[in-house]
Structures are given as C-alpha cells and as structure tokens.
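Novice: Residue numbers (the working numbering), protein chains in the order written: chain A, 1 to 383; chain B, 1001 to 1392.
Any given hint could turn out to be false.
Pair by pair, the computed Cβ-Cβ distance ranges are [stated by the list, open to error]: (1) B:Asp1006 <-> A:Gly129: 25 to 35 Å; (2) A:Gly11 <-> B:His1208: 31 to 41 Å; (3) B:Glu1197 <-> A:Val260: 21 to 31 Å; (4) B:Phe1011 <-> A:Val260: 47 to 57 Å.
Source of the hints: derived by calculation from the structure; they are not laboratory data.
Model, not experiment: these values are computed from the prediction.
We treat Cβ as the ideally placed atom computed from N, Cα and C, and that holds for glycine.
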Amino acid sequence: MPFQASPMFPGDLYDTTLRVAADAVAVNAALTEAQATDQASDSWQQFLELGWQAVLVPEASGGAGSTFADVASIAEAAGRYGLTTPLVARCAVVPAVLGAIPVRDDVAQMLGLLAAGEVSIAPVFAHDGSCSLTAMVDAEGVQLQGSLRGIDLSEPASHLLFLARSAAGEALLLLASRDQLGGSLQSWAGHDGRLTADLALKATRLPASAVLQRGRAAVAAAERANTVGALVCCAQIVGAIGAMVEQTIEYLNTRQQFGVQLATFQALRHRTVDMYVAYESVRGMVRERVVAFDQGDSDAHAVALLKHYLSIAARQVGESAIQLHGGIGMSRELPAARLAMHAIGCSLQWGDRYEQLDSLAADMAAEIAADIAAEAAPTVARA
Amino acid sequence: MTATTDPYADFRQTLRDFAQQHCPPALKAKVRANEKLGRAEMSEWAKILQRKGWSAPNWPIEWGGTGWDMQQRYLFEEVMAQEDCPPLYHHGIGHIGPVIMHFGTPAQKERYLPRIVDGSEWWCQGYSEPGAGSDLASLRTAAVRDGDDYVINGQKIWTSHAQEADMMYTLVRTSKEGKKQAGISLLLVPMDSPGIEVRPIPTIDHWHHVNEVFLRDVRVPVANLIGEEGGGWACAKFLLDRERLSPATVPRLVRLLEQIEQPLRERGRTQQGASQHMLLERLFLAQAAVAGAKEMLISAIDEEMQGTLASSKSSALKLFCSDLAQQIIGIAFDMSPDYAARLIPSLPEDSPADVELKRELIHTYLFYRSRTLAGGTSEVQKNVIARDIFGA
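The shape of chain A in the complex, shown without the other chains (with noise of 0.2 Å):
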C-alpha cells in the first residue's frame, strides 16, 4: 500500500471538512481568477452552517469550547485541498482574540453572532505590529484616517477586527462592521484563488463602544493573532504537504517513461522521501506544539520557531511536487500544482520565514541585552 498522510487529530471535524473541502474542489478547479463578491461560497456557506466559527467560542456564548486541536483539524483537512477558504482568520484567529478580552456584553453578543455564523470577522493584523490607520479619540468616539492593507477577503466578511494607533502612538484594538467603516476598497487576486484588499479610509467615525483594548492589551491581542494565526497555518501547511507527497507518489507509480515506471528511478524516489520525511518532520512539530498550545504553553517565541521552520518546509516540498511532477506540475489543472501554490502562499501568510526570522533574532537580542544589563547594574550601583 503506497503512503497514506493520517490526521493528527482524526475525528468528525477532520472528516467533515474533508468532504466538503472535496465538494468545493470539484466545482471549482481554481482555474477562475478570485473575484471580490458578497456571496458567499457554497463551501464556506457549509462551514458556516456546520459552525466551524463557532469551535473556539466558550460555551458561556454559545460556541462549542472547543480545543486548538479541533480547529487544527479542520485547518489540517482543509490544507489537504488547498481551499482558499479563510478559515485560519475566521475561526481560529477571531475568536481566540474576542475570547481572550475581560467580559464586555457586546463582545459576548458578538461571540454569539460568530457562533451562529451570522457575522463573519475578518482580522487585519501586521506581522511586525505596524499598522497605517491613524485613531484620533475624542468624547463621541474615534475617528479613524489611513489604510487597512492585507485584509483575507476570499470570503465575504461582515466586520473587521484590527488596529489603529493615536497620534501619540497608543494602539487601539478595533472591530467594526463593513457598513460602519465605509471606505473604499481595493482587492487583489492571489496566485493561489486567495483574495486580499486593502481597504483606504477617510475621516471615518466610529462609536467609542467599537474601541475593545487600548495600549499594551491591544499589541497584546495583536500578537495573540498573529500567532494562533501562524500555528493554525501551520497545521494547513500539514495537510498540503501529506497530500502533496500523496500525489506525486500516485503520479510517480502510474506515469511511464523510457518503458519503465518513474517510481522506478532511484533520484525520483529519494526526492520524494525527503518530502515525506518533511512530512513526518512537520506533521511531528505541529501536532507537539497544539497540544501545548490546549494545555495553557501559548509560547509566541515556541510558534515563530515552528512557522519558521514550516514557511521553509512549504517552499521546498511545494517545490520538489513541481518537479517531480515535470511539466504537467507547472499546470495549474493538476491537483499537486494548485497544492504547491497554495502551500507557497501559506508560507508567505501569518509572518513568512523572514519577518519569523526577524522576530526570533529579535527575542535573542533583547535577552542579551537584559543580560548585559544585569551583569552591569552592580557596576553602576558601585559608581
């Protein structure tokens, strides 16, 4: 029996997702360019339904208290057809943020909405904290000037969560909904069917009741995002990359060359266990780092290290499926090709191997310091 990727969290949701990630596949070969629309996809309209939003809301606002490891499932599932879906940003990212801020009615109400998947939520976090939206705050409320970029609209989304910051430079965690904001929007299509826009704002006013964190606990919720963002990835690029090795063995045991098998070759075969190692290597970290992530170790420093090492694995077993696959894989109709594409663009989502690079050298540096510091502080006294 040749290789068979297995779930790291197998279950219902794993399976679920599966089938309807299949269905969307099937009628939408991604051949299309993504377009910006307010109808949502037969595929997301499913998820919604099924209440995929509604896994990481606390029961208490009528979500289901689920763990990491059920959203990694349906992201791993997910990952293995390379759905475009941003399922990622909307149930794992949204609502281990809005969860983690101190009771508000309004964020339980809108908890309860995410739920019943009768709002959508789309994040817009910098990796690197920056943000280009200018808050100014005043007695009525907060008026907002500048540029929401990145913003995952592959799916259409009722709100935005995101951050500005005052001219004195205190961040504000926002969440607004589309009609509230306004603005005018710009969208991009995604080499792999993903769509993002940038949306520019003018003098937009919103209530003071839309302002959810100020100052360290809104870099704070940032960062959290940025991170359940980055490790939910993670478990996508998983299943991209069991599928990817799925596929080029298929392809490798049934294509002929030369009058032989190409699964014959022994270059072929060694190429396509380094993918599968990096499969197991991957499959391996990701899953340690769930379980962490369920028992209360939500490390940042501990996910920058896994999507580092993932946004490298992504590229090079995206890229030996492409080759492996000679030059039927630069087809953007073969399975493994539209896999590769969309393992690429995970690579590049949720901080990318330099900003990762840029964060954990940062981390380093800033321990060095301290230890600098401490071993100069007697000195100083002394003086």
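Position chain B relative to chain A; hints supplied.
Specialist: Quick look at chain B alone, frame taken from chain A:
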C-alpha cells in the same frame, strides 16, 4: 484549555534528585565536555544505576528492568541528558540484551543478562565486513561446525568498542546454500578466544572507536548460538528495528543544542554581522526540528508497542535525527574560532574549560560524519522508506 499539571512531575523530580546526588562530578564533566566515553565511564555509571534498579529501563522487571511505560523511559533519557549523565551502553542494554531475551535459551539468559544489567560484561557488534557494509547479507566470515564447536574464520570491520569488549555478538555465514540471508547465524564470541586480533582504525575525528577484528580458527561452543542455525538475519532485523527507536537519541540532541546556544548567545554580544544572523537561523531551525523529532519518536514508539509501526517511519526518524545531529554540530563547528579547529588533537590536555569544549565539539563534528553512515547509511534508509511509501 487550562494548564494541566504534569502527572510525571514527581517522577521527573525523583530522576533529577538521583542524577544530582549519585552521578560522580568527574563523569558529568566528561559528558559536559562532549568527550568520547568508553567502557570505564559507562560501566561506572551502569553500576550506580543498577543499584537503584534503573540500568535497563527498557527491560522487563524479571530481568532487572524497570517496567516503566514509554513516557517514563523517555523522561529518564531526558533528565539524564539534561544532567550530563553518561548514556546507557547501547550494545548491551539496547541491542544484544533484548535479542537474547527474545531468541535466547533459558541458560543463555541466565548466563548473559545479569552481567549486561550490572555493566560488568562489555559487548561489541561484529556485523560489517570489508565486502559487506550496507549490503550486510553478503557477509563471508564463516563458522563451520566441528563437534560441539563452531570454528570461525574471517574479518569484521568498523567494530566499535572491540578494543575494550569482553564479548562480540557476531553475524557469521553457516551455509552458502539458498538465499544469502538464510545462511547467516548469530554467535556470541568471547573476545579473549585464541585467534582473535583487534586492530584500531585511525579515524578522521582522532578518537579511537572503531576497529578491525580478525578471526582465525576461533573456536566457540555451539551453546553460543542464538536462535536457530541460519536464523541470524531475523535476530539482526529485530535488533536494527530497535536501534532506530532509541529514546535516548532526541534528548541528547536537545542537550547538545543547549550547549551550542549558550556560546552562540555570547558570540552575539560582539558579533552582530551577517555571520551571526546565519548561525542564528540554523539554531532556530534546529530548535524547531528537535521538537518534531521528539514527537516523531514518541509516536513511533507508541505504534511499535501496538504493532502498527511502518518501517518507513522508523527509518524516517533515523534519517531525520542523524541529519539533524550533523546540522547541530555543524553550527558548533562554524562558530568556533579557527584556532580551535587547527589545534586538534595537539591542544594541551589542561586547557581552559571553554577551549576544551570547543575542541571536543570539533572532534564531535568529525565523529558525527558517521551518524549518516552507521546503522544503515542515509541512502539505504531512503531506499527502505521508498519501498514502503511507494508500495514497491
């Protein structure tokens, strides 16, 4: 999603207390410095562990083992590595012990197992031959039955620890008929038998670990045959499958990585250029990878206990860990000042500790080229994996 308490916390603490109280500081210092350990160091530690009942964690209680579950066995290796205790001696505890337990007669078990557990009898592995490395089944060292003895003639190579071993478990050819694998038997050979000559092989790392072993008319009683005559290949496979799943591999890599991180941090105080960034990226990748290796190992051992482990997975683990070991030691090599590399092996023995460590890390770098060769080269592992994942 609340933090769960570690059900093994007490166990971990017991291990740590024991390691801190009972492992001699001189031994720890050698381990910490990454020196090459031999029989003296490992058997000293084995005796100490045996008094506590911990010298054979993977063995059943009946034969002096611990009866620990897999998680406990992993924790044991993890804490011992963190505390710089010497490793268990793999040839005895990890390899031939379980083979004797599985294939041996009651008399063989009585004779050999207790002396493995207390570290008093030392073993080496006579597998490879000049013409039979990766293609082990081509081995030609012959054992011919003569009354109650086998008479062995031939040559073994790459035999680690042969210079200090009491016994060698040896694959020999007892028949030239049929399939190559079917004519192989496993014999236990006392190293003081007349006709055995051990010659050291000088290696690139300047450590003495491998030898050539010549066997000329070496007589061994038939009672030293393990399993059936011609059943040696099954024993060898049994052993190899376990060799790839040693729970010690990953914790020792974690410890090595910690040892390298510290000087790399120090280096960061004065070096902020491109070299430091490149070294850091390699460090981060290795840190992520060891977490993956640990999870792969634990799930492979779980599957092994349930009898569902695919050979692709244990070979993938071996391939991944041996490659990772080389990547980690490569970081150490690249961040060491060039004089350290130039000075081996002529560096004075009483050099400062940090210079000693660098020297040993460079020895280790060279020694670790063997990680992707010993126990099946990476290329052989890839062939094994490919057969499995391609289904042919």
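Novice: Now tell me if each hint is right for this structure.
Specialist: Checked hints:
no., hint, in the structure
1, B:Asp1006 <-> A:Gly129: 25 to 35 Å, "33 Å, holds"
2, A:Gly11 <-> B:His1208: 31 to 41 Å, "54 Å, violated"
3, B:Glu1197 <-> A:Val260: 21 to 31 Å, "48 Å, violated"
4, B:Phe1011 <-> A:Val260: 47 to 57 Å, "55 Å, holds"
Comparing the model with each numbered hint stated earlier shows that hints 2 and 3 do not hold.
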